[in-house]
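**Q** Okay, here's what each chain looks like letter by letter:
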Amino acid sequence: MTELMNIAVQGIAIGGLYALFAAGLSIVFGVLRLVNLAHGDMIILGAFTGYVVAVSAGMGFFAALVIAPILMGFVGYWLQRLLLNRVIGKDILPPLLVTFGLSMMIQNALLLVFTADSRKIALGEIEVASVQLAPGVAVGSYGLIVLAVAVALIGALHLIFTRTAIGRAFRATADDFETARHMGIPTPHVFGLATGLALMACGIAGVLLAVWTSFTPLSGTARLLIAFEVIVIGGIGSIWGTLIGGFLLGLAQAIGGAINPEFQMLAGHLAFLVILVLMPGGILAKGARA
Amino acid sequence: MTQPAVTQAGPHARLTALCIAAVILALALMPYFADRFVLRTATEMACFLTLAVMWNLLAGFAGVMSIGQQLYVGLGGYAFFLIAAMGGVPLMAALGLSGLIALLIAVPAAFLLFRLNGAYFAVATWVLAEIAALIAAQSDAVGAGAGLSLPLQVARALGNNDERTAIFWWLALGLAVSAYLVAYLWLRSGRGLALMAMRDDAEAAGGLGVSTRQNRLMVYSVAAFFTGIAGAIIFLTKLRISPSAAFSVNEWTAAVIFIVVIGGLGSLEGPIIGLAVFFALRTLLADFGPWYLIILGAIAIATMLTAPGGLWGVLHKRFGWDVFALRRHVKLTIGEKS
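Just so you know, the sequences run in chain order D and H. This note's numbering applies: residue 1 is where the first sequence begins, and numbers increase by one. This note's numbering applies: residue 1 is where the second sequence begins, and numbers increase by one.
Read the hints as simulated data drawn from the structure, not as lab findings. Honestly, I wouldn't trust all of these hints.
[What the hints assert, rightly or not] In silico DMTMM-like cross-links for lysine to aspartate or glutamate, where the CA-CA straight-line distance does not exceed 20 Å: (1) K90(D) - D200(H); (2) K90(D) - D201(H); (3) K238(H) - D322(H); (4) K238(H) - D35(H); (5) K90(D) - E203(H).
[Stated by the list, open to error] Okay, the calculated beta carbon distance ranges per label pair: (6) F279(H) - A116(D): 20 to 28 Å; (7) G206(H) - M279(D): 19 to 27 Å; (8) R119(D) - A302(H): 28 to 36 Å; (9) T2(D) - S211(H): 51 to 59 Å; (10) A144(H) - T2(D): 17 to 25 Å.
[Said to hold, decoys possible] Which bits of chain D does chain H cover? Going by a derived footprint, with three or more residues having C-beta under 8 Å, they are: (11) 32-41; (12) 106-112.
Where a beta carbon is used, it is the ideal one built from N, C-alpha and C, also for glycine.
Let the sequences and hints guide you as you build the complete structure.
**A** In structure tokens form, the structure reads like this:
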């Protein structure tokens, strides 16, 4: 029993990290109807940015957690305005191909600068500390911190989308881009802000990932697939769904990993397939799917 | 009242056909005058051309954007190695069977994948390929992470090194020519028109009676079949297969996407031009490590932005050239001049 509890707790903790991976992808898809194939590499770009701030510049983890998302947000805004806005349209092929090309470029640019060595941001004692939840059931303190950040970030995104003027502009643009434009919403700017926000989320996810595990310039692909699976499991276009999707994927991986460490990734992919077959709209599907 | 006549033949149909036949004949005779290195490169090119034509059929003509075709390259390769290990199966039959196995996996996969639309379909194809790679890496029956080697007697049965190289080239050339033939005949038929209508507007095409489901399933399965055979030939020439090589997204999908996008998405001529550009760049940039893929990605993005029809699109616009007559020309027969 305690073993099962431990697996569940472990799954939920890593689920928080997975929800963070997915948040940016979900924003970009929600507002721009665009699947960013470079998303995983952007998380890794965030991780390296955090690494440079925290380790190379010696400013520490908390500085990285603030500076990396800001830098990433800036990059995201201009990437959207200067490049991606040109390929957004009815045809889904151009944005997919362009982001696929971007993915290749980011990966190899990182390889060029940082080589293929694996890196990690060390955080000292807190990494190994754990909190006792019940007799025999413990969770890593760092996992709890990540989980808290994930819940806070997704809550904040929810508030931004539902309560603010820019959130209204996001939703209007997502619903009907042409009409929104005629109503005076500066869509190129709004798109820029959406991608900027998404890359800020990538920055946060990247820095937290950099402490969680070691990473290389090639670690992005696996993260893109995780983010994508989280979104499909949780329900495409639902912000809270990313949290639930993250938990479910984390749980599936924890269960698989408990059976055989080699099954961890496979179990996550299989859970994704099962959801796809049984509930193609995801857990939190809103009525009929587009 | 006379109906306007629709012709598909270009102005120089006979001449073009003759030229293509002559080129294929010359290529088929290559083992008698080209050295082994040239033949090996040509074999690799022919395999990539098959992959590119099939990916173009999917993405460029049917609007089905897959980034998981490495699944079928790997499946074809593994299927071939397993069949070869049993022994006694003739080479051609083994290759055909490898393609069939890829096709047999593609049909249920399609039912799953087509629940997702557009971009989500694309990423899901990639997830399937990852699953296959993970399973292969954990199955002792296929050598787990280390992979398999082709049994020595299979390679020996194909003759000495020179004879083998020639056979590999003929196989790859034959496959590329068949892939082109199938794509060409398909695209000229009513079903080809349906594919392109579907790509341009799936809903409108559906409204006009095109069964989008059936057409997508067909194009996805045929692509899997040819991609599977290409995978079998690729790993037959390499004599070794491992999960990371077999299901590599960079090798079998990124490179293929590059070839098609540079050459011309949605044209049959495009992949040939893209292939030439890709191999030229690969040779030129071989010593530049990561720069090679950075430049490749940048060129692909620049092409998408400035010339979405690729190099062939530019040539076609400028000179009106067509090698493969896919376009339908309408001749008005009621007196007036157009």
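**Q** Which numbered hints are broken by the structure, listed smallest first?
**A** Hints 3, 10 contradicted; others consistent.
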